[in-house]
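Taken in order, these protein sequences are the chains called A and B.
According to the numbering used here, the first sequence is numbered sequentially starting from 1.
According to the numbering used here, the second sequence is numbered sequentially starting from 1001.
Treat the hints as calculated values from the structure; they're not laboratory data.
Backbone N, C-alpha and C fix where the C-beta goes; we use that ideal spot for every residue, glycine too.
Keep in mind that the hints are not guaranteed to be accurate.
Said to hold, decoys possible - Pair ranges (Cβ atoms, derived):
1. G1063/B <-> P40/A: 21 to 29 angstroms
2. T58/A <-> E1052/B: 35 to 43 angstroms
3. Y76/A <-> Q1017/B: 42 to 50 angstroms
4. K1009/B <-> Q51/A: 28 to 36 angstroms
5. T1020/B <-> T5/A: 17 to 25 angstroms
6. S28/A <-> T1112/B: 39 to 47 angstroms
Stated by the list, open to error - Using 25 angstroms as the maximum straight-line C-alpha spacing, the simulated PhoX-like pairs for lysine-lysine come out as follows:
7. K1009/B <-> K1071/B
8. K1009/B <-> K108/A
9. K1070/B <-> K100/A
10. K1/A <-> K1057/B
11. K42/A <-> K108/A
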Amino acid sequence: KQEVTQIPAALSVPEGENLVLNCSFTDSAIYNLQWFRQDPGKGLTSLLLIQSSQREQTSGRLNASLDKSSGRSTLYIAASQPGDSATYLCATYDSGGYQKVTFGTGTKLQVIP
Amino acid sequence: NAGVTQTPKFRVLKTGQSMTLLCAQDMNHEYMYWYRQDPGMGLRLIHYSVGEGTTAKGEVPDGYNVSRLKKQNFLLGLESAAPSQTSVYFCASSFNALYEQYFGPGTRLTVT
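Bound conformation, chain B alone (with noise of 0.2 angstroms):
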């Protein structure tokens, strides 16, 4: 049982470079979250998903796509990066949003 594991976990692109980043659980959760962290601003929601095949818009979703395919795998797409989206990612998944959430380890993602 690995919980939420996320590659890559370290990255740097230069801007208008594009990346997906891969988030898997095992835990059978219906609920899968993309958050993004930066210094002294706590962790902001960007996406979500509440079951395979659907998502929807957080708290900060521009500039960011994801997708829903399996109900295991929740990717995050950036078409053109931007060095305002130098942060560090993390991908949570839960049983359902009133159910505690479990954190990946993380990507850092440097954007030059």
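Just chain A, with the same shape it has in the complex (with noise of 0.2 angstroms):
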């Protein structure tokens, strides 16, 4: 069974630091990762989807690797500003037989003006 795992679970860090949030998970044969953004009281918004033949995606700020191999991804965010603050969650699109997404428990992110 795939265990989806995200440390440190909160992070608060000034404005204006480049910062990396962590995802690992127990099972690499998936076929994509995503990481999503959950403001609260909120839907998930969608940030960035890596299928399983790339190693990485930008959009803006953001840019997000994944290792398969090792089990791992990693959310970079450069500059970060207040509005960045939220919980961010990664998801694995599991193989397996059924549709079958794995998500991890998040990071929370504070960015202090």
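Combine the two chains into a complex, taking the hints into account.
Encoded structure:
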């Protein structure tokens, strides 16, 4: 059974700092990995989707990398801003016979002005 | 283009009551999903559908039923609510199993 872990559970950084969020998974047989942002009381907003054949994806100040062999993905946020404060979730699209997406429990990011 | 919408946004039920949550998407997606989100446990898949008229069980289906009579709508039913079903429920849709999922704003359900 796939397990997705995100450490740390919470992170507080000063504005302007570059930061890395981590996501690890136990079963490397995945199709995709997706990073989401969740604001308090809101739904999930897709940030980046990395297909298994890709090693990274970029969108603006965000860069996500994927290393299937080591079971790790990172989300790099450049020049953090207070508006980046949210919970960031990663999710793996797993193989195994039926639609299966496994979510991590997220990293709650606070960017301090 | 509203994306994925959910109704209602909030609901309080008493144990044993029933209710239906409605999810609608206007992106012509084939796949639709219902998740629940609980503190410390991440999102867990309840049921999903791969097309109009189809449904399938996810990771935590007990106590829930679903229907997909129209392609754009996916209904989640609780026949006899229990306090363990207190959660935030999210609906999502995608073009197919490997395309990114788009999420609705969620329904916060409390069962007393």
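Inset, instruction - Just pull the numbers of the violated hints for me, sorted ascending. - result: 5
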